[in-house]
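Q: Protein chains in written order, with the numbering used here: chain A, 2 to 656; chain B, 1485 to 1885.
Treat the hints as calculated values from the structure; they're not laboratory data. Beta carbons are placed, not taken as given, at the ideal position from N, Cα and C, and that holds for glycine. Heads up, some of the hints might be wrong.
What the hints assert, rightly or not - Simulated restraints on C-beta separations:
id: 1; chain 1: A; residue 1: A84; chain 2: B; residue 2: P1630; range: 54 to 60 Å
id: 2; chain 1: A; residue 1: G430; chain 2: B; residue 2: A1547; range: 38 to 44 Å
id: 3; chain 1: A; residue 1: H614; chain 2: B; residue 2: G1708; range: 42 to 48 Å
id: 4; chain 1: A; residue 1: G551; chain 2: B; residue 2: G1873; range: 33 to 39 Å
id: 5; chain 1: B; residue 1: G1841; chain 2: A; residue 2: G430; range: 21 to 27 Å
id: 6; chain 1: A; residue 1: A418; chain 2: B; residue 2: E1834; range: 55 to 61 Å
id: 7; chain 1: B; residue 1: G1877; chain 2: A; residue 2: E391; range: 31 to 37 Å
id: 8; chain 1: B; residue 1: Q1664; chain 2: A; residue 2: S236; range: 17 to 23 Å
id: 9; chain 1: B; residue 1: D1654; chain 2: A; residue 2: E425; range: 51 to 57 Å
id: 10; chain 1: A; residue 1: V598; chain 2: B; residue 2: Q1709; range: 44 to 50 Å
id: 11; chain 1: B; residue 1: Q1869; chain 2: A; residue 2: G430; range: 41 to 47 Å
Stated by the list, open to error - Per the computed footprint, the stretches of chain A lying under chain B, defined by three or more beta-carbons under 8 Å from a beta-carbon of chain B, are:
id: 12; stretch: 328–340
id: 13; stretch: 369–378
id: 14; stretch: 640–651
Okay, here's what each chain looks like letter by letter:
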Amino acid sequence: MMRPVLTAAAATLLAASLPHGGTAAGPFDVKLSQDQQIVHALNRLTFGPRPGDVDEVRRMGVEKWIELQLHPDRIPQNPVLDARLKPLETLHMDVAEMLKTYYPLNPPGIIRFTPLNELLSQDQMRKVLNGTAEERRAGLEALAAEKRWQVLATVPPNVLEGLPDLQQDAVEAKKKQQEERMMEMRKLRPPLNELLAPEQLQIAQRGTREQREALFNSLDAAKRRLVAGVMAPQSLTDFPEMRRLGSIVRAPRQVPTEDLREAKLYRAVYSNRQLEEVLTDFWFNHFNVFEGKGQPEQMTLASYENDAIRPHVFGHFKDLLLATARHPAMLHYLDNWTSLGGDVFQVGPFAPGSGLGSFISRQAHGLNENYGRELMELHTLGVNGGYTQEDVIAVARCFTGWTIRQPNTQPEFVFAAFMHDTGEKTVLGHRIAPGGGEQDGLTVIDILAHHPSTARFISKSLAQRFVADDPPAVLVDKMAKTFLKTDGDLRAVMETMFTSREFFSEGAWQSKMKSPLEMVASAVRATGAETADSFMLVQKVADMGEPLYGKLEPTGYKDSAETWLSTANVISRIGFANALGAGQVPGVKVDPAKWAVNDPSKFVARDPAEIAHDLLGRSASPQTLSAIDRGIEGKPATPGMIVGLVISSPEFQRR
Amino acid sequence: VLTRRFFVKGSALVMAGSGSVPFWLGRAAAATQGKRKTLVAIFQRGAADGLNVVAPFGDKRYAELRPTIGVGAPGKPQGAIDLDGFFGLHSQLEGLKPLWDKQQLAIVEATGSPDPSRSHFDAQDFMESGTPGAKGDGWLNRALGPPTAETSPLRAVSMGAQLPRTLRGDRSAIAVADVQQFRMNDDTASIMESMYSNSRDKQLEGAGKDAFAAMKMIQALNRGQYTPANNAQYGQGGELGRALQQVARLIKADAGVEAAFAEIGGWDHHQNEPNQMFGLLRQFGSALAAFCQDMGDRMEDIVLVTMSEFGRTAQENGDQGTDHGHGDLMMVLGGPVRGGKVYGKWPGLEKEQLYEGRDLAVTTDFRAVLSELVSGHLGQTNLSQVFPGYKCGEPLGLLRT
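Chain A on its own, in the form it takes in the complex (with noise of 0.2 Å):
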C-alpha cells in the first residue's frame, strides 16, 4: 500500500519543481498506473469522486467512461437534480414573468436613504460641503430645521469640522434618524414575537423538524411571507422553499442571481453529466459576465448560461463564440450595445434634434472598444495573439448595431442598422467591404474563431483546466492542430487532450489545486453528503474569494494554483472541512456511521487511513496520516473528525 503513496507524493514534487511542462522524457511522459488513472479521470472530469465511483468506471473502463462523459446525451440525469432545480424558478423564466415577481416598482420593506443631493440644491450643497467653516455654518443654519437635522444626520463628519455644536446636533440627529427608521422597519417586518404566539415562537427557534413544518404549513400566505422574511436564513435551510420565500421578501432582485447560485451547486454535486458541469462552468468563466454590472445581467445570467454556453461545450466553438456575442448579457456587460458608428451621432438619426428618443440615444454617441478589444484578447486570441489597437477599434466598428431591444424591459438581440458604422474596415488584415451591416460582425467571428492564434489559446487554456497549470506545449499543439482541423470541433480537441500521453502522465498527477467551487463541490461528493439547501455551500464558495458569478473583471477567475495558495484560502479550506464532518453546515447532512467502527454501542471512527483511502481514492500521505494519529492519540474520535481532518488535508485540496 506504501508504494503508490510515495509514487504520487514524488510525482507532485517532481510537478512543482519543474519550471514548465518538458519536452524530453519528464513527468509528461511517465504513465500512470490503471488505478491512478481512474483516480485521476475522476479528479479532472468530474467535480471529484463520489463513494462508488471508483469502482463503477473500473468496471466500465475508463476510455469508455471518458467517451460516455463526451456524449452527455447518452447518460440519464439523476432525477434528484431535477428535484432540487424544480423550485429555483428564475432558471427557465420569461423576462416578462420575472419582472412582474422580482422586480417590482416598490419593494416591500425597503427604507430608502434620502441622499444628500435630494436633500439639497445644488448651491445649497456647494455651501455645505465645499464652505469655509463660516459659509458652511450659514449654510446649514439657513435651512429649515426639519431638513437641517436631516442633512446633518447625513453628511460626512469633515463637513462639521470646526462647527463644534452642530457637531452634537449632528450626533443628535444620527440618533434621531436611526430611531425612525428602526420603528418604521418594525411596521414594514415586524419581528417574530409579534408575528407569533409565544408557543408558535418557541416551535418555529427550537421545534423539531415536524413540528415547524406543521407551523409554517399552518401560517396563511400573508403571514408566511412576513415569518419567512424574519427569519435568519441558516435557520431555514431545512425549509428552502420558506428560506427562499425569506430572499423575495427581503431583497426580490437578488433572487434570480441566488436561484442560479444554488442550482450550480447543485448540478456540480448532483449531475451525473459530470464533465458537461465542469465544462459550463469552464466556458462561463471563459466568457465571463458579472451578475452585479445590473438589472439586465441579473434578469439574462440563466439565459446566458443555459441558452448560450451550455448547448456549445461539445460543439463547435465558433457557434459558441457567436452565441456568447449576441446574447443581452454579453451585450450589456461589455457594453457594446450602445457602441455606434462615429457619423452616426452627429448625423444620423440620433443627432441633436431628430427627435429620436430612446433610451439608447440618451447614452451613447459613438465608438465604445470594450468588447472588440476584450473579445480578442480573452475570448479568442489571447493578449499576444498579433492583434492591434487598430484591430481592437475596426473589430468595433464591425459589431456596431449589435445591441439590445430594451435592456430593463425586453432584453434581447437586435440589429439596429442605423447604430451601425457602414465604413469599410480592416480587422487582423482581411478586409471588410463597406455596408456589410450586421454581415460585418459574423465575419469577424468567422476570422477569430478559424484563427491559429484561437486555437492555440483555447487549446491552452483548456489544458491548464484538464492537465497541468502550466500544460506541456507537445499537448497544446496536438489539441490545437485538432482544433484547425476540425473546425473547431471541441469534442474533438478534448478527445485529444484526454486520450493523449501527457493527460495520464505522472505530471499531471495531483497538479492541479481545486479551486473553491471545486474544492466545495468535491467534500460534499467524496463524503456522500445530501444538500437540499445549497445557499450556505454558496457562501463558502464566496468565503475562499471566488463568488459564483460574482467576477467583475472579464477574465474571470483565474486557473492556477497561485491564486488559491493564500493564508486565508487555507483557513477558510479547513474551516469548511471540519464544519462539513462535524454536520455544521446547515442545508447539508452528512451520515458519518459508514466511517464509524462496526459496534453500535459506540460511535468512534475506524481507522483514520481507511477513511481517508475512501474520501480521496487513494492513500493519504504518511505525514497527513500521522498527524491526525498523534492529534487523536488518547481521546475517542468522532467520524465526523476524522472526515473532517482529511477534508482539510493538502491532499485534499489537489485533484
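Chain A is fixed; fit chain B onto it per the hints.
A: Coordinates of chain B only, in the frame set by chain A:
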C-alpha cells in the same frame, strides 16, 4: 500596544496546541520594542480615469475633450475642489482635501508604465510585479528585508481571500479576509499545523505555515470589538473602508505590519462614467480619509500609495465613458509625505501631446514613485532587487528627509 497579558495569553494558547513555544511568539514580543514603518499599497483595479479623479481643469483642452463627463472647474456645480489653480479633486474626494491642506497628500501626475499594453490583466500583472513587460513575484514582497528575529508573521498582509501578486514572493505574506474570522478551534489548529508543516506538498506547506503563525498572533491580539479612534468613520468607504479598518487595527495592535495591501475594483468605466465615478470616488476618498483620521499621530510612520494599471482615453467615448488609455496618476499620503503639491511633469492634452494621439502620456514611471517610498520609508536601499532593470532618475522628493 502589546502587553504582558497578550504574551501570557498567547503562550498559553500555543502551549495547549503544540506543546512548545514557537519561535514566532518570541519574535512578536520582540517586535514591540519599536514601532514599525508601514507602507500601504492600494490598487484601483480596472484602470481608474485619473483625469476625472484629479481634474486638470486649468488645461483648456480638458473641457473640450470631455464635454459631457468632464469635472467642472471649481465653483461650477459639482465642480472640482481646487488644489493649485490648475488641478482639482473630484467633488466626491472632499474627504481628502483636509489631508492636502495638512500637506499629508501628494499627487503625482502622468504616471504609468513604459509598457504600452492596454490589457487590464497584463498591465495589472506588470505593475504588481514592478516589471513592465514581464510577470513575476510582487514588488512589495521584494521590498521587504530578510526575516530577522524581530520579524512578525504579520509583516505583510493583504485584505481579501486571495493573496495579490503585489505581495507574492519569497517573504512570507498573508491574506486575511476578515480579522474577526481568522480563527480556528485549538485542537483542530494544532493537528492541522502539524499536518501542513510536515507536508511534502511544498506549495501548501508554505501557505499553511504562514497561516498558522498569523492566525495564532491574530487570535491573541484581537479580542472584542474595534472602535476607530478620533471619531473616524469608515462607513462610507465600502470594501476598501472595511479593509483599511482592519489594516488600522493590526497596525495599532503593534502587530509588526511592514507592508499592507488593499484594493478597490470597478473603475472600468466604458459607459455612464459620471454616475459610477460619483459613488466609487466617495468610497475611495472616505476610506482613505477615515484611515488617516483613525491612525492619528501614527500617520508619522505610515505611507499609503495608490495606483491603477493605466489611465483612460483623454477624450470621452460614445457612451459617456472612456476607453483604455495610458498615463494615470498616483496619490501618496502619510505623515512623512511632503504633500500639498502636485508632482510630475504635465504632458498636456493637445493631440500631438497625447500618447498615440489619444491618451495622457506618461512622464513619470510608476517605479520612480514606488522606489522613493521603498527606499525612503521602508529603508530598502537595494532597489535593483525590487525593480530589476530599472534605473532611478532624479528623485521627486516625495518624502520629508
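Q: Each hint: holds or not?
A: Here is what the structure says about each hint:
1. A hinted range of 54 to 60 Å for the beta carbons of A:A84 and B:P1630 is consistent with their spacing of about 58 Å.
2. The hinted range of 38 to 44 Å is satisfied by A:G430 and B:A1547, whose Cβ atoms lie roughly 39 Å apart.
3. For A:H614 and B:G1708, the hinted distance range of 42 to 48 Å is satisfied, since their beta carbons lie about 44 Å from each other.
4. Roughly 37 Å separates the CB atoms of A:G551 and B:G1873, a value that falls within the hinted 33 to 39 Å.
5. The hint said 21 to 27 Å for the Cβ distance between B:G1841 and A:G430, and at roughly 22 Å that hint holds.
6. Here the CB-CB span from A:A418 to B:E1834 is close to 36 Å, at odds with the stated 55 to 61 Å.
7. Checked against the hint of 31 to 37 Å, the pair B:G1877 and A:E391 passes, with Cβ atoms roughly 33 Å apart.
8. Take B:Q1664 and A:S236: their Cβ atoms lie about 21 Å apart, and the range 17 to 23 Å holds.
9. In this structure the supplied range 51 to 57 Å holds for B:D1654 paired with A:E425, their Cβ-Cβ distance being about 54 Å.
10. Restraint check, A:V598 to B:Q1709: a C-beta distance of roughly 45 Å satisfies the suggested window 44 to 50 Å.
11. Taking 41 to 47 Å as the suggested C-beta distance range, the pair B:Q1869 and A:G430 conforms, at roughly 43 Å.
12. With 4 residues having a beta carbon nearer than 8 Å to a beta carbon of chain B, the stretch 328–340 of chain A meets the requirement of three or more and the stated coverage holds.
13. Residues of the stretch 369–378 of chain A with a Cβ under 8 Å from some Cβ of chain B number 5, which satisfies the need for three, so the listed coverage holds.
14. Coverage of the stretch 640–651 of chain A by chain B holds [criterion: at least 3 residues with CB-CB distance below 8 Å; count 5].
Violation of the numbered hints given earlier is confined to hint 6; every other hint is satisfied by the structure.
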